[in-house]
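Peer 1: The primary structure of each chain is shown beneath.
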Amino acid sequence: MKKMFCLLLILCLLPAAAPADGQQGTSNYLYTIHGEAVSAPPAYTLAYSLTARDYPELDALDGMTDAYVSDDAIYILCAKRLVVLNHDLTFRQAVTSYTDESGKETELDACSGVTVSPAGEIYITQSEKSQILRFNPDYTLNQVMGRPEITGYENVKYRPTKMVVDSAGRLYVISSGMYEGILELNGDGSFTRFFGVNAVTFTPWQLLWRVFATREQRARQSLWLPSDFTNLCIDQDGFLFATLVSTDKKTVKRLNAKGENIIKVPAEKEYPSGDLWFNESGFGIPTGSSRFIAVDTNAYGVYICLDSTRSRVFAYNEDHSLLFVFGGPGDREGYFRNPVDVAFVDDNIVVLDALAQSIEVFSPTLYGKALMNAVRNQYEYGYGTAADYWREALSYNHNLTLAYSGIGRMLLREDRYEEAMTYLKMGEDRTYYDKAYEKVRTARLRKWFVPIACVAAGLVAAGIVIGSVRRRKRRREESER
Amino acid sequence: MRQWLFNTFWRFPTRLLLRPFKQFDALKYEHAGSYAFAFFVLFLEALVVIMDYVYKGFLINYSDIYRINSLYLTLTVLFPVALFVVGNWCVTTLLDGKGKLGEIFQVTMYAMFPMCLLQWVALLLSNVLILDEMVIVTALQSIGAVLFALYLFIGLAVIHEYGFGRCMGGLLLTVVAMMILVFILMLLFALVSDVVDFVRVFSKELMLKFF
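Protein chains in written order, with my numbering: chain A, 1 to 481; chain B, 482 to 692.
Just so you know, these hints were derived from the structure itself, not from any lab. The reader is advised that the hints may include incorrect statements.
Keeping only pairs whose Cα atoms sit at most 20 Å apart, straight-line, the calculated DMTMM-like set for lysine to aspartate or glutamate is [stated by the list, open to error]:
id	chain 1	residue 1	chain 2	residue 2
1	A	K269	B	D545
2	A	K425	B	E686
3	A	K258	A	E184
4	A	K435	B	D675
5	A	K104	A	E57
Here chain B stands alone, though its shape is the one from the complex:
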């Protein structure tokens, strides 16, 4: 048990950061990745977004903490991730990508791991730094974002067995797919709310007429 914990939560992720090509390969062919860790990162990221809203250092925190909506903040993390994973899966399935849905999810979360860590560090630092030094916080956050993009790119290229150009194209198409997905979702919600409304009004009319 201890060995497993050590391996999934420390050894593999850190190795992956040092040698991304080899370890993403291992994630695909040796099933070295773990859903436990993927969900753990997702949880950590959602948590850091919420914590950032409330506990970010006062000097750079302009959020109205009395109006916090932790569910909404969680969704701002969960929804884009879900959208990206599904969108990428849709596109790469059509483009001969070798990655499975679960693998795409794992890669995304493993790539998010360094960004998430840096965000936690930035959150802590924002509480002890003065305004002149807040550059460090923003720098950490942007480094995290760059790392995320980099590892995501490498990871996707490895699990889909794509070259550089193909992976780039795939990502661009993923963005398009995400937009289409959002559009369809909006359509679906509008339709469902119409149906619900219809049923509600209809039942009300029935009640008024017969009861």
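Chain A extracted, bound-state conformation:
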């Protein structure tokens, strides 16, 4: 009895003790397939946050705009300097100026985007100066790429904000205000083509309104322009992930070589669009749908998107299912004031907060590790190992439908169809449930068809016999009468 009481007391105290251990995450929820938010354990929590004070070599970390993580270094770009860090966030080098072609020392200024080619060349876009600086791996200037020659666009301002380099050395540049899409440039900076234009979409209501508007009204309406891209990254398969300003919910796209969005989700599933429930209006609170401004991917198809509306980070797997959420607006630990970019650094996630002038490093919790390991193994077709990790994740989060479907798929692979059905049903995985059920049904039919057919044949035969006996009997009675 006493033991029981002690146990109860401990159990009662547990939830109260949880926030105190510093492992309390931020924005801990996931969405069900009905779009309902259910709480989930924190997958990533703040490990530490770094400011200029942590780097004696730096005066300040002001005006952070972009981050790029290469295989061995992290490049953090501020408006006036490029900071190079090792993967463990220790300082390596800072670049504040370069020697241009004429031998003049020039300060870095108005930098907006950084990327590193597979060969180690560093590209820095300067949107206000309309140029891209190309550095050798030893941080000496290689080339200044000015405005590319695009016939017909001589009067449009060229403002390269972000860019990436693919494995073939092609440059993909976002120029804000150029609505024709992402600029694809050759390695030497000459223009090839526009890429992945966002088609303008209208609502029926807008079209109807336009029909009734007079010519003057129409002239005063704002132009319907295709939306602007805001950020870019290249994923493990060489496809381009891009975020954009959009009126609809599709603010992240995965573009193939033709520039088409290849994120396709079945009708019953939500497009990866951040929050599904949000305030449409209100005072002093963030309103409207999520707007992604930065995206990064890791080696096994997980992509993280930074939502500027509510300062949250959303992670999706390659099937576009939500894995976890963290962050949020605020001053507290683990919240952001003005996040500008997000990036994977090995297993950790780094978020740049421009207003707090800090680099926030998030590391996975035990739950997060299990989740990511499961996703990785599933991506690498290691379904058995993945199932073990899914089980571990389930022990932290019973509401993780993804885990149920992961285990179900493993069971299906091992021909344990009945069990697979149970798990796939809990995982709301109808495509694979279908496959398991088909097998189960075939087995059942095979087992029961012969007995049922025999019984049915027997019944029919008995009916015929009984009928003929009765008829004969009746006939006899009639003849006797």
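For chain A, the structure is supplied; the task is to place chain B on it using the hints.
Peer 2: Chain B alone, transformed into the frame defined by chain A:
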């Protein structure tokens, strides 16, 4: 009793499905129709809608069963039926229709009978079929809907003693009448809630002032 049960719940409805013109005529002039059966069909239809929400095969069931509202689902059946019957009665009374309110109701329910049956069959099938075969379920449901429209049309034409064109026009006007009815109902609800609100606020003020 057994004879009556057999006649109302099996013999007449099935005969009606085979020879709708003759039997709808019988429904009107020989009072062969039965309210018991009409309400029975209504009940079955409401039940199948609720059952469909919960027990439809998992493969095509996307409803959130934890948020089921069986009263609301029942109303989604009852309300349109009531609206249609009243709307049709209003219109046909003005257009020299010979059908009475009760007859319109009976015809609607007898016409709904095959659709209701097919929906039950579809519900059962949806639990044993795989995704590739779900076409059968949707096909059954759409066949049911077509049958319902067909029998309803024939039945109404017979009991109102209308020709084809007249019956068609009557149905179109019924739709308009249904819309007007909904509008009036909304107006009524808004008004009633205003009155209730007024009484509530008024009594509250009185209480605050004098007690």
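Peer 1: Each hint needs a verdict: does it hold in this structure or not?
Peer 2: Results of checking the hints against the structure:
A C-alpha spacing of about 14 Å is found between K269/A and D545/B, which places the hinted pair at or below 20 Å, so the restraint holds. Restraint check for K425/A and E686/B: not satisfied, since their Cα atoms lie roughly 56 Å apart, outside the 20 Å limit. Among the hinted pairs, K258/A with E184/A is consistent with the structure: their alpha-carbon atoms are about 12 Å apart, no more than 20 Å. Restraint check for K435/A and D675/B: the C-alpha separation of about 56 Å exceeds 20 Å, so the hint is violated.
At roughly 24 Å between alpha-carbon atoms, K104/A and E57/A are farther apart than 20 Å, so this suggested pair is violated.
Checked against the numbered hints given earlier, this structure breaks hints 2, 4, 5; the rest are met.
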